[in-house]
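Below are the chains, spelled out letter by letter.
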Amino acid sequence: MPTPVLMPQMGESIAEGTIVRWIKKVGDAVDRDEPLFEISTDKVDAEIPAPAAGVLTEIKVKEGETVAVNSVVATIGTSSDVSSGQEPEAPPAPPPVAPPRDAVVPADVLDQPHEKAATPQRKTNGRSATASKSVEDDSRKQRSSPLVRRIARDNDVDISQIHGSGLGGRVTKNDILGYIETGIRDPGPGARENLESPGSRTPDPGSRVEIKPLSVMRKKIAEHMVMSRRTSAHVHSVFHVNFSNVERIRHQKKAEFEQSGVKLTYMAFIAKAAVSALRKFPIVNASLDGDNVVYKKDINLGIAVALERGLIVPVIKHADEKNLLGLSRAIADIANRARSKQLKPEEVHDGTFTITNPGQFGSQFGMPIINQPQVAILGIGTIEKRPIVIDDAIAIRTMAYLTLGYDHRLVDGATGDQFMAEIKDQIEHFDAERI
Amino acid sequence: MSKSFDVVVIGAGTGGYVAAIRASQLGKTVAVVERQSALGGTCLIWGCIPTKALLEHAHALKVIQQASEWGVTIPSGTPAINMTQVHARKDKIVDGLTKGIAFLFKKNKITWIKGTARLAGPGKVEVFEGDTQTLEAKEIVIATGSSPRSVPAVTIDHSRIITSDEAIHLKEVPKSLVIMGSGAVGVEFASIYRRFGSEVTIIELVNRLVPVEDEAVSTELEKSFKKQGITVLTGTKIAKATSTPSGVTIEAQTPDGKTQTISADVLLVATGRGPVTTGLGAEEAGIKMERGYIKVDELYRTSVPGVSAIGDVITLGTGVHPQLAHVSSMEGIITAERIAGKAVQPLDYDHVPGCTYCDPEIGSVGLTEARASERGYDVRIGTFPFGVLGRARMAGELEGFVKIVADRKYDEVLGVHMIGPRSTELVAEAVLALRLECTVEELIKTIHAHPTFSEAVGEAAHAAHGAAIHM
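If you read the sequences in order, they're chains Z and P. For any residue, its number in the working numbering is found by taking its place in the first sequence, counting from 1, and adding 40. For any residue, its number in the working numbering is found by taking its place in the second sequence, counting from 1, and adding 263.
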């Protein structure tokens, strides 16, 4: 029985995807999970694997076309002996909301050698340059016309979302007007209200201001952040954590890990500590559903990763089943694949806890907003050498502030602080033999 | 004996010969059936080329007539036109261009088959009147074009009551000429023969000249025509036209309901052109027709598979299909590319430029002000007169203007209408502006070289946004 191939949902805020490239042609044999086509959405670009083995019998959506999530884009015909009659799997549940505002730093660069941390200015400059270059390299500039850009500006439309019918995929006036008429997703009156702050008003003509409309993505992030703020009773606890022990272990194990092809980062230690703490305090790995608490049996760790086109929180499933080496490998893997558009749709779903890194640009600590429907988020401040008092003497240690943002509806201060104390303890007393 | 081709094109006008060349370029074997003795069709032999040649003669005469203004001394007598010499030069131009197409056919290995074609069942074309034979074709492209047609009240006799086909060959300049219809053909011959010395009366049924153009253009042309001594009768219907040995007598009903009798040497009927399908056997072959035209879809496919049609002979079923050489050739290219398996896109008929070579000449593209309002746009207008420009003063060409029709909401350039010097050339910028979906803002930001006539386009854009610089 033929298997329909669906446009996957790559994030809750994403209602449609554009097929950038068909990797397989009609008539090609495909294995299950073999890359079938490449998609682009406002959040993520990814190669989508075949849902079943067989022969690609039909391509319904051509390259460059944009269709709604869960639309059938192709059909894979299976040979008669493997006919199962099964319906294609239901699309995965929507993932959490857009990552929090400070989840802008790639997970695998969390590692912060203190030489660099001592000169944050230089580091920041270097990073900005790299980031902007990659934006230029990778951004899919949609061809359009002056008129289309004007209409897009006036209607707050992201042109890259529109399928261009003109020469070379150029977006024409009819394309964008059609898109506006049929394609705009209404965020709902509630969300709209949220965006309007009580004091907002249009500046007087002639004011020395420049007015630019929000991009679609910016608008979504705004909505999701406000939604999270409105949903959860945010509280934050900040702990000062000594990383000297971890730093020493990193130094000792560096060569050993490099032999396995993995860079041992601070993030891996933090993730490992968080997993232990989540095990001990399952309420932090839960969510609130009406009058029920939903305890998640699996620990699925979301790691905020910056992409040139925005943010995504890929999820390390069953993070509690991985050792330090496995976590290091998994973090590097999802971060790399997030950037090279190789993430599978299911890899951005079902997170139960999120780690984000506002410290990358030198922030001492952040106050992250919870990634709904989770109940807590761990923010990592910059890791650097600081003077601290040990046994009535001033000592220099590698330190960082870790922040837990959590939902007071479900997690009380005592629990949150105990959770953080557990993480602090894990990090400060990592057993080098245990890894 | 039958010959086999990938593509057989019927008609070697601008639609047919361009389709043939493009198909050949894309690797197809191509034959073109043409019953005229030369290639090029209406445009080259009867239409665009010879009339524009005559208009250049008229322009040359105009400059010489104004010799004193230019400080040129003419030895003696009044400058006059020598029709024998005019026709010789014109025929040489036409001859050279038709031979050019014959050369292109050779270069592209296109077989030119002389005769009249008839569709003879699927994939077959019979050729009569020349070398009688049957051609086998995987694809047939009908490009048989159009010919002048009259109205019921007027019968063409080809001597006193003539069409443009005869008007390009008049051996003598008629003393008086009445022209019926003020489309491109009517106003161009009015300009030619008025300059050559005829008393010209132009009669138009609608209440303004060049009815397809923007109303402001019509008003400007009428003003200029009257200044040149052309009698303009708009809103006037010709009830009857009778030829006599010495001329033609015309009964015209003017807007006030009165009947006016006009005598003239010649009546030129310029009321439009009808499709040429005689002998083609299109209906017998099962091709769907509409009011005599061949009905095609937006990619020029007829109702019969393997048979396409382009140019003046077609209707798309959506309003009036423009009978213009450049439209036909573009349709020919699209059709050839589609046949060759290339991805093609339908033409946007709102982006077809119209060029009328009357004096002052007209170039236009896109929506007129009235049409834009009808379509519901919040229209704004920018107009700039040529006469203000330094370049126009040097040329002594002070008539006319550029008018931009734009959408206030998104600033889209919807139409550009020009009458005046070089308008038929200047319109190219406007065509590109529409094609690329330009805003008025972009036109403003585009540098227009100084001193040129094109400055009027930039200034009209400024005017649309509030105020021109030099006004």
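Heads up, some of the hints might be wrong.
[As the list claims (entries may be wrong)] Distance windows between CB atoms, simulated:
(1) Z/336 <-> P/604: 53 to 61 angstroms
(2) P/288 <-> Z/208: 14 to 22 angstroms
(3) Z/71 <-> P/399: 41 to 49 angstroms
(4) Z/214 <-> P/359: 51 to 59 angstroms
(5) Z/63 <-> P/366: 22 to 30 angstroms
(6) Z/373 <-> P/290: 44 to 52 angstroms
(7) Z/98 <-> P/535: 28 to 36 angstroms
(8) Z/301 <-> P/290: 37 to 45 angstroms
(9) Z/338 <-> P/641: 28 to 36 angstroms
(10) Z/63 <-> P/691: 55 to 63 angstroms
(11) Z/63 <-> P/288: 31 to 39 angstroms
(12) P/355 <-> Z/208: 41 to 49 angstroms
(13) P/290 <-> Z/220: 56 to 64 angstroms
[Stated by the list, open to error] When the alpha-carbon atoms are kept at most 20 angstroms apart in a straight line, the in silico EDC-like pairs for lysine to aspartate or glutamate are as follows:
(14) Z/320 <-> Z/465
(15) P/672 <-> Z/221
(16) Z/252 <-> P/269
(17) P/605 <-> Z/105
(18) P/315 <-> P/435
(19) Z/213 <-> P/547
(20) Z/252 <-> P/637
(21) Z/381 <-> Z/194
(22) P/315 <-> P/358
(23) Z/294 <-> Z/452
(24) Z/213 <-> P/705
(25) Z/381 <-> Z/73
(26) Z/213 <-> P/392
(27) Z/213 <-> P/613
(28) Z/213 <-> P/561
(29) P/672 <-> Z/198
(30) P/672 <-> Z/196
(31) P/605 <-> Z/103
(32) P/672 <-> Z/194
(33) Z/213 <-> Z/198
(34) Z/337 <-> Z/373
(35) Z/336 <-> Z/471
(36) P/377 <-> P/392
(37) Z/320 <-> Z/287
(38) Z/213 <-> P/514
(39) Z/213 <-> P/435
Everything labelled a hint here was simulated from the structure, so no lab data went into it. Where is the CB? At the ideal position from N, CA and C, for every residue including glycine.
Each hint tested on the structure:
{"no.": "1", "hint": "Z/336 <-> P/604: 53 to 61 angstroms", "in the structure": "holds, 55 angstroms"}
{"no.": "2", "hint": "P/288 <-> Z/208: 14 to 22 angstroms", "in the structure": "holds, 21 angstroms"}
{"no.": "3", "hint": "Z/71 <-> P/399: 41 to 49 angstroms", "in the structure": "holds, 47 angstroms"}
{"no.": "4", "hint": "Z/214 <-> P/359: 51 to 59 angstroms", "in the structure": "violated, 43 angstroms"}
{"no.": "5", "hint": "Z/63 <-> P/366: 22 to 30 angstroms", "in the structure": "violated, 48 angstroms"}
{"no.": "6", "hint": "Z/373 <-> P/290: 44 to 52 angstroms", "in the structure": "holds, 49 angstroms"}
{"no.": "7", "hint": "Z/98 <-> P/535: 28 to 36 angstroms", "in the structure": "violated, 49 angstroms"}
{"no.": "8", "hint": "Z/301 <-> P/290: 37 to 45 angstroms", "in the structure": "violated, 52 angstroms"}
{"no.": "9", "hint": "Z/338 <-> P/641: 28 to 36 angstroms", "in the structure": "violated, 58 angstroms"}
{"no.": "10", "hint": "Z/63 <-> P/691: 55 to 63 angstroms", "in the structure": "violated, 43 angstroms"}
{"no.": "11", "hint": "Z/63 <-> P/288: 31 to 39 angstroms", "in the structure": "holds, 33 angstroms"}
{"no.": "12", "hint": "P/355 <-> Z/208: 41 to 49 angstroms", "in the structure": "holds, 43 angstroms"}
{"no.": "13", "hint": "P/290 <-> Z/220: 56 to 64 angstroms", "in the structure": "violated, 42 angstroms"}
{"no.": "14", "hint": "Z/320 <-> Z/465", "in the structure": "holds, 13 angstroms"}
{"no.": "15", "hint": "P/672 <-> Z/221", "in the structure": "holds, 16 angstroms"}
{"no.": "16", "hint": "Z/252 <-> P/269", "in the structure": "violated, 56 angstroms"}
{"no.": "17", "hint": "P/605 <-> Z/105", "in the structure": "holds, 19 angstroms"}
{"no.": "18", "hint": "P/315 <-> P/435", "in the structure": "holds, 18 angstroms"}
{"no.": "19", "hint": "Z/213 <-> P/547", "in the structure": "violated, 42 angstroms"}
{"no.": "20", "hint": "Z/252 <-> P/637", "in the structure": "violated, 32 angstroms"}
{"no.": "21", "hint": "Z/381 <-> Z/194", "in the structure": "violated, 31 angstroms"}
{"no.": "22", "hint": "P/315 <-> P/358", "in the structure": "holds, 15 angstroms"}
{"no.": "23", "hint": "Z/294 <-> Z/452", "in the structure": "violated, 39 angstroms"}
{"no.": "24", "hint": "Z/213 <-> P/705", "in the structure": "holds, 16 angstroms"}
{"no.": "25", "hint": "Z/381 <-> Z/73", "in the structure": "holds, 15 angstroms"}
{"no.": "26", "hint": "Z/213 <-> P/392", "in the structure": "violated, 50 angstroms"}
{"no.": "27", "hint": "Z/213 <-> P/613", "in the structure": "holds, 13 angstroms"}
{"no.": "28", "hint": "Z/213 <-> P/561", "in the structure": "holds, 19 angstroms"}
{"no.": "29", "hint": "P/672 <-> Z/198", "in the structure": "holds, 19 angstroms"}
{"no.": "30", "hint": "P/672 <-> Z/196", "in the structure": "holds, 15 angstroms"}
{"no.": "31", "hint": "P/605 <-> Z/103", "in the structure": "holds, 16 angstroms"}
{"no.": "32", "hint": "P/672 <-> Z/194", "in the structure": "holds, 9 angstroms"}
{"no.": "33", "hint": "Z/213 <-> Z/198", "in the structure": "holds, 14 angstroms"}
{"no.": "34", "hint": "Z/337 <-> Z/373", "in the structure": "violated, 24 angstroms"}
{"no.": "35", "hint": "Z/336 <-> Z/471", "in the structure": "violated, 28 angstroms"}
{"no.": "36", "hint": "P/377 <-> P/392", "in the structure": "holds, 8 angstroms"}
{"no.": "37", "hint": "Z/320 <-> Z/287", "in the structure": "violated, 25 angstroms"}
{"no.": "38", "hint": "Z/213 <-> P/514", "in the structure": "violated, 50 angstroms"}
{"no.": "39", "hint": "Z/213 <-> P/435", "in the structure": "violated, 53 angstroms"}
In summary, the numbered hints that this structure violates are 4, 5, 7, 8, 9, 10, 13, 16, 19, 20, 21, 23, 26, 34, 35, 37, 38, 39.
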